[in-house]
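Asker: Residues per chain, in single letters:
2 protein chains.
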Amino acid sequence: MNCLVVEWGEEMILIDCGIQFPDASYSGVDLLTPDLAYVKRRIRHLKGVIITHGHDDHIGGIPFLLREKNLDVYCTPFPEGLLRNKLAEYSDLKEITYHRIEPRVSFEVGSFRFDPIPVAHSIIEALGFAMETPIGTIVHTGDFKHDPKELVNGKALSFAPFAEWGDKGVLCLFSDSTNAERMGHTPSELDIATSFERLLGEQTARIFIALFASNIKRIEKIMHIAHRQGKKVALGGRSMHSYTKLAFDQSSLGIPPETLILLEDLDRYPDNQVIILLTGSQAEPQSALVRISQDNHKEVEIKNGDTIILSSRFIPGNERAITQMIDHLYRQGADVLYESFHQVHVSGHGCQDELMMMLEAVKPKCFVPIHGEYRHLAKHAKLARRVGVSEEQIKIIEDGQILEVSKDGLALGEKLELEKGVVVDGLFMAGGRELFTQRAALAKAGIVFLAVFKNARSHKLLADPIIATHGLLYQREINPAEAVLEAEKKAKEAYFKYAKEPDVVERLRIEMRRFFKKRVSYKPIVIPMILEV
Amino acid sequence: MNCLVVEWGEEMILIDCGIQFPDASYSGVDLLTPDLAYVKRRIRHLKGVIITHGHDDHIGGIPFLLREKNLDVYCTPFPEGLLRNKLAEYSDLKEITYHRIEPRVSFEVGSFRFDPIPVAHSIIEALGFAMETPIGTIVHTGDFKHDPKELVNGKALSFAPFAEWGDKGVLCLFSDSTNAERMGHTPSELDIATSFERLLGEQTARIFIALFASNIKRIEKIMHIAHRQGKKVALGGRSMHSYTKLAFDQSSLGIPPETLILLEDLDRYPDNQVIILLTGSQAEPQSALVRISQDNHKEVEIKNGDTIILSSRFIPGNERAITQMIDHLYRQGADVLYESFHQVHVSGHGCQDELMMMLEAVKPKCFVPIHGEYRHLAKHAKLARRVGVSEEQIKIIEDGQILEVSKDGLALGEKLELEKGVVVDGLFMAGGRELFTQRAALAKAGIVFLAVFKNARSHKLLADPIIATHGLLYQREINPAEAVLEAEKKAKEAYFKYAKEPDVVERLRIEMRRFFKKRVSYKPIVIPMILEV
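Top to bottom, those sequences are chains L and H. Heads up: the first sequence begins at 3 in my numbering, then just goes up one per residue. Heads up: the second sequence begins at 3 in my numbering, then just goes up one per residue.
In short, the hints are calculated from the structure, not lab data. Since we're looking at a predicted model, the values are computed, not measured. Nothing false has been slipped in among the hints.
It does not matter which identical chain is used: a pair holds within one copy or between any two.
Dumping the calculated EDC-like pairs for lysine to aspartate or glutamate here, alpha-carbon to alpha-carbon at most 20 Å:
no. : residue 1 : residue 2
1   : Lys49     : Glu9
2   : Lys446    : Glu436
3   : Lys397    : Asp329
4   : Lys520    : Asp427
5   : Lys233    : Glu260
6   : Lys456    : Asp466
7   : Lys71     : Glu479
8   : Lys367    : Glu134
Please model the entire structure based on the sequences and the hints provided.
Answerer: See the structure below:
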């Protein structure tokens, strides 16, 4: 979730503070944040938060720091705008003071001096940083790729600034490992433009393109291609509207005149003349494309022959939802193109060649692979060894691992025990892993509650025990109502047997689990409740 | 799950009867079977089950038919052996009469005459069938690819037999759609052998190869490569032992002398001389490789430098488990190679070129794509149109759809409402979709039980209500115990308010949900229980 804490003496800064969307093992959770306990304990030392770019896995966690203390945030206009929009969704937060930063214009925070270096990524205004510290220069790449064809204000973003710092001598490099398993060089954003040029050129029916609303450059390219071909573009989905509006207001998105139309006006134009840009490339339940695929979108329904392009990767964990959405779209007569089989997406992260280029440009004494699962970090570490970084100066660190950086190199410090922060409805919840294990168990076996009402002194039953169950599976031959009656009878017997035992509750639990194991072949969760007067 | 019911008058036959491993939406379920209700209602008409090959998604469902009636099963030796092993795991089943079949030796079942046609697939003895029926010939490909390099008893399996039937005239083709989205031609099993030849040749440490135990040919090739290089092979995992033993006993697996060693003897040989073939390519929880990756396998632990090869695809739904296993293996110092980045697996299913070849060989009047998700069937249907099958003679059918085949072509009949059969511990459970929705809700929101004890006539409370909860998330600031006390107080008030209402239970439920929504920001499942005397 990209929350790098950098400390020097009493000073602390953060580089990014993101969120993550939970996998199924965090049942019922809207978002996950880094475990901010450590940061909050020392928050009075926090001098500022430095933002590499505006993706949610880099800025989404900031609102949860803002409950504690006013923050100084250093970022460019686009992430600032995204943060301002985001904060509007939360209540009673402290204030952010925004420090506007610009590529190659260095600034100081505490004892650190930062040189923001522009990098190519799947969002505008992406930065890496060279950070001058009292013990040497540390380079943090942010998320990056090398894209010589893609121009920003007329010229391509090169690694020259990284090389400059490399020549001056860099103590340690922190570099993006997302694609460390992929050989070669990530294709250019321009290659995609070419695919779209062709696909739109051959267009015979409506084309829907699902992509991340934050991919402003790709959106702009598609709009210009459409314009050149005399076609119209409509936007679908809340974030598609808010992101493009922000980029347009900040004049970082050029929309060709008379290209943009409203979704409700689609039918005024011939099918082979309209392109719809929309959200839902990850099959997010409320997204425009999912609602369309389920035929419950208020303005749009699929026509035979429509083409849907998923201009995105399948983010791990979403595969099933995405392929189910694709099946629904086919059932409605659409054709669906996606990355696995058509060149309709390129990654925003560099592959092995680019990671090597970065390592060779920066020539660091020490190396720390970041931004990836363990296998990506391990592969990236191998690459660093290939360019001559010595084994003991490479550290693969996971969440909570403290890394001590000195002039001589890296040493592992204490490892903090971290729990991910779980958020429901914008509120922080206290939910350690074991709670989610408990929830998973509920879903696996169902639950049985047993209520026994007794006299506190004589232990006499004042009514027959009653049982309620939820989520229980029964064998085909079994009648659930009868099974529950049986269970209540069984519970009564068990109570008489153990009424006077100190551990009567536990005994009842065990007896009931045994009973259900016999009856339904597995043990549900059983919770006895004893009322007494 | 490959259970094709074919009926003619009063006769019924089945082609395959498989199982499927449930995704997370079937919480707590071990396996899924086809909904066999329709078949069971008419089981006295069942003349036989014809097996294309021994994969579980083709034979795994047969034990669940065997509760009803003795069955006649038509298959080759390998699937027969697998079935016999499988049935040993179930109790009180009826009998199977096995009818041994051979490639190109035709046999009759009821009014149907079958010509078994050998096909290349990722398991030995795979068959397609030409089925002569009273109204014309129907061709069923089974699972197939076209693999001209791979020899079976000295010669490659060609599509010639399919072409013969095509020349005689085929009414309808049912063909495998698994890879209908993939362009080109599936690589040969021999190409994999070449990769392994190289990988084993360069071996510097132990090599673990995880693959399906049913892929006997691949296992045999690896053993021979190891033998030629003077190396030893050990087997890990229950099914790896049982499948190879069966194939060896049936002399369809040649094991080179002195190649096989026991897992516990690994350390007697130099690391660069041992290969371990094991289960777990899908990160099945109890599999050898998963236990090794978690460092709780009794004989094997990972050494620095070990190479693990996943010679399999990531089956959709397993991606997360597999990548987590890979991360664990890296943490222990292993390197992991898998399909996405290394040529260590080829599919057993044909890509678009091969599907076109089959269509052109059979030249069917009608076409039904089978074996795939809807998107695969839709793509396959497009291919059939390309080779000239007319639009109205192509039907995409989903589970439960009755298809009426006549001399003139295809017509859609009634669509049966099917539920998948859910199996826990080898027992059929009555679990419709809504039950699993209920279980998912449990995991999402947790559950609250409320017990109220009252006088049946006066409605007076005989004790304070008590509440038990499970799987509830609380905000960081909240003390759960206090929240429950509050809830009990709230419940008492609510009871007094509604005691005399007929819908008091529902009222209590709503009040409690409101309370928790306020308290913890989401509504748990609430189940009030009223005891009365």
